[in-house]
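Peer 1: Sequence:
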Amino acid sequence: MISTKRRVFLKGTLAAGTVGVAVGAGLLAPSKLLAAWPSSTFEAEGLDAAMEAALGSTDIPDSDDIDLSAPEIAENGAVVPVSIETSLDDVTEIALFAEENDFAATAHYILASGTKPKVSSRIRLGESSNVVAAVKSGDSWYKTVREVKVTVGGCGG
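For the sequence shown, position 109 (counting from the first letter as 1) is numbered 109 according to the UniProt record's numbering, and the numbering increases by one without interruption.
Read the hints as simulated data drawn from the structure, not as lab findings.
The structure presented is a predicted model; accordingly, all values stated were derived computationally and were not measured.
Don't take each hint at face value.
[Claimed, not checked] Straight line, CA to CA, 25 Å or less: simulated DMTMM-like cross-link-like pairs of lysine to aspartate or glutamate:
| hint | residue 1 | residue 2 |
| --- | --- | --- |
| 1 | Lys143 | Asp67 |
| 2 | Lys143 | Asp90 |
| 3 | Lys149 | Asp90 |
| 4 | Lys149 | Asp48 |
| 5 | Lys5 | Asp67 |
| 6 | Lys11 | Asp59 |
| 7 | Lys118 | Glu147 |
| 8 | Lys11 | Asp90 |
| 9 | Lys116 | Glu75 |
| 10 | Lys11 | Asp48 |
| 11 | Lys143 | Asp62 |
| 12 | Lys5 | Asp48 |
| 13 | Lys118 | Glu93 |
| 14 | Lys149 | Asp89 |
| 15 | Lys118 | Asp64 |
| 16 | Lys149 | Asp62 |
| 17 | Lys116 | Asp64 |
| 18 | Lys116 | Asp62 |
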């Protein structure tokens, strides 16, 4: 007679093996999640292409109602702290771009209704660059720009 512990162990091993085979065969790939990835935005080369892909236009008006906090001089481009906050109403999205990066889009946040429009992150800058924060308020996009000088490159520099 097989002991209870051995039976549990064998069932667990069989289940883990089955899941491993299914994952290896691609049967458990998160296709719905991967399909939602905005590859056209994050693989776009250059600021204009990334903004066009993410925002639908490059002609975005500037706004004094967006506060983009970033250091004037970043000692390490690999970890540049940025924070975006706005007093605009009905904010549903916040996007962040680094003009001189090969792939300019660095972040895109979709905010739930009623969420305070403030995000903070650390981005990678390959060299000194303008950082662009875009905020969607209602049906319109608005942006602000801040220059960040990098002393040590973060993208292979």
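Peer 1: Which of the listed hints are broken here?
Peer 2: 3, 5, 6, 8, 9, 10, 12 and 14
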